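Residues per chain, in single letters:
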Amino acid sequence: MTGQPTSQCFHRRICRVAPARLVTASVPNAFDFFSNTDHSQLSLIGNITLYSSKNDHGTLLHDEQAAALDALRSINGRINMAAPVSRLPPELLARIFAYYAKDDMIWRKKKPGIGWISVTHVCRRWRHVALGDSRLWSHIFLPLNTMLLEEFISRSKVSPLSVSWISGYTYSTPWRPNPWPTELALTSLVRVERLHFDNFDGDAEGLYSLLSSPAPILEEAQILGLSIPKNVFGGSAPNLRHLSIRESMHFPWGSGALSSIVSLNIEYSLDLRPPRPSQADVMKALHKMPFLEQLSLIRCLPKSFATALADTDTFIPEPPIFAPARLQKLTLSGEVQECIGFFHHTSFPDSGVRLDLTCITLDHAINFQPLVRSLSVACGSTSGPFTCFNFEAHSRRTFKFQAKRASDEGGDDDAEPSVALNFVWRASASDGWNAVDLMQAVCLALSVTHLTDLEVDIDEFPEEYGGDDQAFTPAVWANALGPAKELVRIAIYGSAAHSFCPVLLLTTPDGHSWQEREAMEPASDDDQDTTTLFFPQLRWLSMFPTDWMHLYPGEDLHLYEFLPLLLRLRDEGRAPRVSLEVATCSQALEDVLKPLVVKLNVITEDEDGDDGVDSEDGDDAVEG
Amino acid sequence: MPTIVSVDDSTVPGEGSSRLLLLVSSDNKHIVVEEDIMSRSRFISKQVEGFEATSQRHAILLPFSSFVLNKVIEYCSHYRGYYLLEDDPDAAPPGRSPVREWDQEFLDVDRNMLLRIIKAAHYLEIKSLVGSCARAIADMIRGKTTEEMREILGVENDFTPEEEHSPSSKCTG
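Heads up: the protein sequence lines correspond to chains A and B, in order. First residue of the first sequence: 190, per our numbering; consecutive thereafter. First residue of the second sequence: 1296, per our numbering; consecutive thereafter.
Here chain A stands alone, though its shape is the one from the complex (with noise of 0.2 Å):
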């Protein structure tokens, strides 16, 4: 493959000695001469000197060197070719750059990824497979300096462009750099199939220049902290398919370049806070995109929505002006009131969407009815089509609440759940927020009956409900989870746990769904505690309770009396496989569980009061 290096010094210094022997002797190259066996030819090298004047000396020593490097070089070529590693066929080698390159680009996030281009400067071979694949220079990171961008460019000759600016960056070399991006959308957008632009600072009316550029071949843009053109891509940007704008102050939702977009992230400057779009600029943008998947509005829903709203308890549900067909995943971010406009003002397809809210409001007391009244018009049902459901309201405190495929994290071998549900409070202080109320709330929509997986985080409850675990009684529980008769995994953390495990004690197998329990033996407020429930697909419970000092001795009992429910559904033949993981257990507990259930993990408090975890492994463990 590589061919041998050519001595035109060498053949000089023959040709001045010999100039007849050499022509006859047909030495080709250096390696051949030093490799041929003819020690004749060699002791030529050693003669040349006696036929060489005082004053060609030196000269003729750098020659000598420069014929033995020569030499050296050609010898290196044949063991580079013998070399395990230049078996490898071109393609093999250039996809080891490639990987080389793409994770040098990741690491380097302050400076442009090109430390891969030293993959060049090892062999002949190693630089021809490097600047035969135009793959690898298409990926470029900037600011570079003008030779090194005119290099990159070159070299990638047709292959479309990615282009990155790393923000902040500073050569420290002396050269010029590059008048981009004015250059640049002069000559190569139409080559751009990648942007991405994060906190631009360089030449910013060459930028602008670019992004009003048509973008032919574009299919992905990240623009992060810039202004945006009103007339972007020059209105032409038909494979334009994923477009991110972030902290801006301004998106162009009139510009004709939006519509194959299939995923959209727009999200305003928090800290300038820039003038809302109206009502029928988004609207009207948003119908433009019929192959929108995802959607993403951070702070820059209209606030006309809001004042339209201004009497939620009592609103009249508007016909939907947006439909998005193959939405699959939709973020929202904003006051309360804007989000529950973008719903009056949307109609989710039934397929089933994933859901991201955050709501930011300072009304600690308000009430969520309206937004979970306003997500069933949306879904054309009290049964949302959510596959997934992330709420979380900002004030002084946090609140979370989530749903999200279970799968998706990996899951129990033993289900593959469907709908999750993960229910978090972060509450550092009392306040008014009204858990209880939002939680059965958004269960509704949520079409709990198909919930498989909970997870509850509760820490801290508000005052008005009586301290850590009056709040979740077992009532409200029952109420909450009632209808969820899916359900697969159960995680309780935090002091909820204290109120959960009334719930789980007081199950009964006897199949009746909790609604049809509660019209057998109506549950007065006194007997309340008799509420059942049943799960009758369970097979995984978790439960740890924040303040491990809570668990002793009491917990215990809960557990002693979770027993008896356990053995007699083993008596029936109808025992559970559950898998139980508890934060403390008594060894003689432990004893008799074991054998019950799949699988009993035992969450132990180590000396220094963390947590440690002390598996019990379930493969010697009896199936119920």
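These are computed hints drawn from the structure, not numbers from a lab. Just so we're clear, the structure is a prediction, and the values are computed from it rather than from any experiment. Ideal placement from N, C-alpha and C gives every residue a C-beta, glycine not left out. Take these hints with a grain of salt, some might be off.
Stated by the list, open to error - DEER-style ranges, computed between Cβ atoms: (1) B:MET1408 / A:PRO784: 44 to 54 Å; (2) A:ARG267 / B:GLY1438: 54 to 64 Å; (3) B:GLU1344 / A:GLU280: 20 to 30 Å.
As the list claims (entries may be wrong) - Output of the computed footprint for chain A on chain B, the stretches with three or more beta carbons under 8 Å from beta carbons of chain A: (4) 1363 to 1373; (5) 1402 to 1411; (6) 1444 to 1454.
Based on these hints, arrange chain B on the given structure of chain A.
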């Protein structure tokens, strides 16, 4: 194209619920392996299709040693039935995608063995294994100086002075 030789029926146990293949390494070791295991190899799959067309049993001769072949079979066995995202740098999502933990352990072999495995994976068209090996080799040379890279992969500097001072050599960032 691989060499395909006819084999005796007794050599290849077949007719079972899971079809078996006979792979013959360059050191003439015969290795019987379930077809399912090797289905990750597009090369093998194509060969098997060819067998079905001729309704004859064949052994597949492979141009690498049994040691290498066994490593490849170990990989295929581990990921039997799993869907693996193809490790095409162009197709992969942005961000660093480290070698999978098991792969890292599996590929914790000497340099020459690693090169043999990637070559065999390339021959057998097992894209995920090629990707893992390529990443492992890239990790070996990442952040190293040119001299260190040469030392790691056993190559020498064969540039002429002119080549060493070419413009591309200045592109080091």
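Here's how the hints hold up against the structure:
For the pair MET1408 of chain B and PRO784 of chain A, the supplied restraint of 44 to 54 Å holds, since their beta-carbon distance comes to about 48 Å. A hinted range of 54 to 64 Å for the beta carbons of ARG267 of chain A and GLY1438 of chain B is inconsistent with their spacing of about 29 Å. Checked against the hint of 20 to 30 Å, the pair GLU1344 of chain B and GLU280 of chain A passes, with Cβ atoms roughly 24 Å apart. By the rule of at least three residues with a Cβ nearer than 8 Å to a Cβ of chain A, the coverage given for the region 1363 to 1373 of chain B is violated, with 0 such residues.
Here's how the region 1402 to 1411 of chain B fares: 4 of its residues keep a CB closer than 8 Å to some CB of chain A, so the rule of at least three is met and the hint holds. Given as covered by chain A, the region 1444 to 1454 of chain B passes the check, having 9 residues with a CB less than 8 Å from a CB of that chain where 3 are the minimum.
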